[in-house]
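Asks: Going from the sequence shown to the numbering used here is simple: count from 1 and add 33.
Since the hints were derived computationally from the structure, they do not count as laboratory data.
Heads up, the beta-carbon is just placed ideally off N, CA and C, and yes, glycines get one too.
Possibly wrong hints are sitting among the right ones.
Derived Cβ-Cβ restraints for the label pairs, each shown as a range [claimed, not checked]:
no., residue 1, residue 2, range
1, ASP209, GLY44, 20 to 28 Å
2, ARG165, GLU102, 32 to 40 Å
3, SER145, SER62, 28 to 36 Å
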Amino acid sequence: MPRQLRVIEQGVTYHCFSRCHGRRNLFHSSSVKRYFTEAILMCQEKYDFELIAAEPVGNHIHLIIKTLENRETISSIMQYIKSRIAEKYNRSTGKTGSFWNDRFGSTIIEHSDNPENYLLWLLWYIGFNPVRKRLSRDPRENYTGFINVYLQKNYETAVKITLHDYFLKLGETFEDCVKKFLWYEEAYLKRLAVYF
């Protein structure tokens, strides 16, 4: 059965995810996490897009990317990031072959029933992913620290994170936005408690 064609649109927000070949936990390594950061930085220099969130989690990665009108497609951006990570890993280990399991998966946030709520909840989902895998105790302590950009004004991460419009619409001031954004963390934790 042929695989479904990817929906490509510009000026929309994508949740992208990709798993390591054989579900290997390659992102447990600090050097592979560094390759993740370096690949994103290289991509940010080469292409115009907004990185909303990024997190490596053991055997997979999550990125939320907003493409810009008349600029690179999500496929070009993700292909570039994934290729650079694989290249750096294979070069450093002397290995050949696949780093990634298959093509990346993606969903368009704006196509959901309630895009605003979905994105704000998804940020916490991605933030808590390493916590669920017992790789950190709190999203604020994760490798990329992207969630802190949404909690602390002028917080800097290794890669440039752009605050999404849905976050900025939560209030008139940054502090108002943070207060309302923390409600999504609480809602996420209540849902998460059902599973633990």
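Asks: Given a hint of 28 to 36 Å, does the C-beta separation of SER145 and SER62 actually sit inside it?
Replies: 34 Å, holds
Asks: Honestly, do ARG165 and GLU102 meet the 32 to 40 Å range at C-beta?
Replies: 35 Å, holds
Asks: CB of ASP209 to CB of GLY44, is that within 20 to 28 Å?
Replies: 26 Å, holds
Taken one by one, the earlier hints all hold for this structure without exception.
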